[in-house]
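Q: Residue numbers (the working numbering), protein chains in the order written: chain A, 1 to 382; chain B, 1 to 151.
Everything labelled a hint here was simulated from the structure, so no lab data went into it. Among these hints, one or two may not hold up.
To be verified - Below 30 Å or equal to it, Euclidean Cα-Cα: the simulated DSS-like pairs (lysine-lysine) are:
{"id": "1", "chain 1": "A", "residue 1": "199", "chain 2": "B", "residue 2": "146"}
{"id": "2", "chain 1": "A", "residue 1": "226", "chain 2": "A", "residue 2": "172"}
{"id": "3", "chain 1": "A", "residue 1": "226", "chain 2": "A", "residue 2": "102"}
{"id": "4", "chain 1": "A", "residue 1": "102", "chain 2": "A", "residue 2": "382"}
{"id": "5", "chain 1": "A", "residue 1": "199", "chain 2": "A", "residue 2": "226"}
{"id": "6", "chain 1": "A", "residue 1": "151", "chain 2": "B", "residue 2": "136"}
Please read all numbers here as calculations on a predicted model, not as lab measurements.
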Amino acid sequence: MSGQVAIVGVAQTRFQSEKRAQNYAELVHEVVSELFRTTGATHDDVDNIVSASSDFWDGRTISNMAIQDVVGAYMKSESKVSSDGTLAVLYGMMRILSGQYKTTLVVAHSKGSEGVPNLIANAAFDPIYQRQLGIDGLSTSALQARRYMEKYGVSEEDVALVSVKNLGNARKNPYAQVAGEFTVEEVMQSGYLAEPIKKLEASPISDGACALLLAREDIVDRFTDKPVWLKGVGHCQDSYYLGDRDLAESDALAVAARRAYTMAGIDDPRREIDVAEVYDAFAYQELMWTEILGFCPRGEGAELIRSGVSTMDGTLPVNPSGGVLAAHAVIVAGLVRVAEAALQLRGEAGEHQIPGAKTALAHGSFGYCGHMHCVWILSNEK
Amino acid sequence: MSEEIIVRRTALRIPYSWAAGAHATRFYREIADRRRIMGTRCPRCERVLVPARKSCSRCFQDTTEWVEVGPAGVVTSFTIVHYSEPRIQPMEPPFAVALIRLDGADTALIHLLGEVEPSEVRTGMRVEPVFADEPKGRILDIRYFKPVSVD
Ligand SMILES: [Zn+2]
Numbered sequence: 001m002s003g004q005v006a007i008v009g010v011a012q013t014r015f016q017s018e019k020r021a022q023n024y025a026e027l028v029h030e031v032v033s034e035l036f037r038t039t040g041a042t043h044d045d046v047d048n049i050v051s052a053s054s055d056f057w058d059g060r061t062i063s064n065m066a067i068q069d070v071v072g073a074y075m076k077s078e079s080k081v082s083s084d085g086t087l088a089v090l091y092g093m094m095r096i097l098s099g100q101y102k103t104t105l106v107v108a109h110s111k112g113s114e115g116v117p118n119l120i121a122n123a124a125f126d127p128i129y130q131r132q133l134g135i136d137g138l139s140t141s142a143l144q145a146r147r148y149m150e151k152y153g154v155s156e157e158d159v160a161l162v163s164v165k166n167l168g169n170a171r172k173n174p175y176a177q178v179a180g181e182f183t184v185e186e187v188m189q190s191g192y193l194a195e196p197i198k199k200l201e202a203s204p205i206s207d208g209a210c211a212l213l214l215a216r217e218d219i220v221d222r223f224t225d226k227p228v229w230l231k232g233v234g235h236c237q238d239s240y241y242l243g244d245r246d247l248a249e250s251d252a253l254a255v256a257a258r259r260a261y262t263m264a265g266i267d268d269p270r271r272e273i274d275v276a277e278v279y280d281a282f283a284y285q286e287l288m289w290t291e292i293l294g295f296c297p298r299g300e301g302a303e304l305i306r307s308g309v310s311t312m313d314g315t316l317p318v319n320p321s322g323g324v325l326a327a328h329a330v331i332v333a334g335l336v337r338v339a340e341a342a343l344q345l346r347g348e349a350g351e352h353q354i355p356g357a358k359t360a361l362a363h364g365s366f367g368y369c370g371h372m373h374c375v376w377i378l379s380n381e382k
Numbered sequence: 001m002s003e004e005i006i007v008r009r010t011a012l013r014i015p016y017s018w019a020a021g022a023h024a025t026r027f028y029r030e031i032a033d034r035r036r037i038m039g040t041r042c043p044r045c046e047r048v049l050v051p052a053r054k055s056c057s058r059c060f061q062d063t064t065e066w067v068e069v070g071p072a073g074v075v076t077s078f079t080i081v082h083y084s085e086p087r088i089q090p091m092e093p094p095f096a097v098a099l100i101r102l103d104g105a106d107t108a109l110i111h112l113l114g115e116v117e118p119s120e121v122r123t124g125m126r127v128e129p130v131f132a133d134e135p136k137g138r139i140l141d142i143r144y145f146k147p148v149s150v151d
């Protein structure tokens, strides 16, 4: 990669089940204002904007029109990603690497409270072969959870450990929506939504927004003395038809991770990565994703938690923020993984800071059962 | 000072008319006329794709051969749905959604299970389709799959 790109500022709202006091634009205004306040940047410093939002979740075609005024898009280039926010970071970085821009404002917003999540999720399935079956993100993820658990001998108690860890971690994250001290027993007793997924193993749907400012290496000093460098990225899509895949596997994540590790020069992720934020929309997903990311052999994701490796004081803490289980603004949640990784590397994660973190992994996903994956490697060393 | 925020409640109502395409049309015609479930074979990877598709997602090849599959098959994963969303769900919870690999197919079909207690459903169970009396060219022309009777 010729030239480097850094994250020079991050901002996020508190995530809540309903943020009625703010409309979409006001949510975005909050994070962009915070970003400008903390970086000293002004609208004049923003060369272009990549936003992430969804027409269907917003209930408005061309959803980015709702926010163009507050991101300062007037007479600038603004382009929308209708997928996870990790991809908005990718396009933002590419715009800077093109040589045309020095900075990119990356911003994502979503208010799950204003639509009907299950209906929106169901509408993602094709109307000819699948939609009438009434399937959605929860029921299809349950198919994946069972397939994974049966193939690799993972118990329901193993999966419950993820919720215990992440919701426990979330108690120290002021932006989290769901947090608490739960036992495996309490997670097991929280009631099935779609077997084997239980209530405390499913992420909430949140309202919120997140923003990052990216800058070309020669001007990062203007905004921060703690830049976080984008060292590697990989992105990959799987088959759309869920029945075409073995849902216990995620070849797309394996490919995305390999690309990111190669670009960043990571040979041994378990040893070289200090902290990871992964897309645990459901508890079982953290086990699957961490195994496929190469943190441990397949089927041993729960052992990472039991042995303390991926807990807050372990050698590779996973989701110290509480992850997506603690707050899930659709589209936004992947960008929050990047923002949380950046906060860790800046030493600004507050009570959930992992001391001395130098290299972080952030992971986003979109679609059902990990249809799309995007993996980032970030570092506070150039 | 806290003033109640006005909330506008409405809905987007946009009718669509989705063309199924020639392959899905034949897939449903076979169910309606012959009570057969059909897949299509990719000439390169030789996988039989069910439901039938015009092209192979992995090889970017047009499928060239129609293959009758099943109609029975094996449950490769399933869930029992406990939450209710009557605006989309075709059955009352609790009901079973399953991935079913029909005999002769290389991919699984997502569908519903019926005539079985949710607590009796198992991975590996053999199931067969129950067809709708009046097919309408939609996936619920197969009402659901039921356990294959052993006697
Ligand atoms: Zn093929």
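Q: Let me make sure I understand: some of the numbered hints might not hold for this structure. Which ones are they, in numerical order?
A: 5, 6
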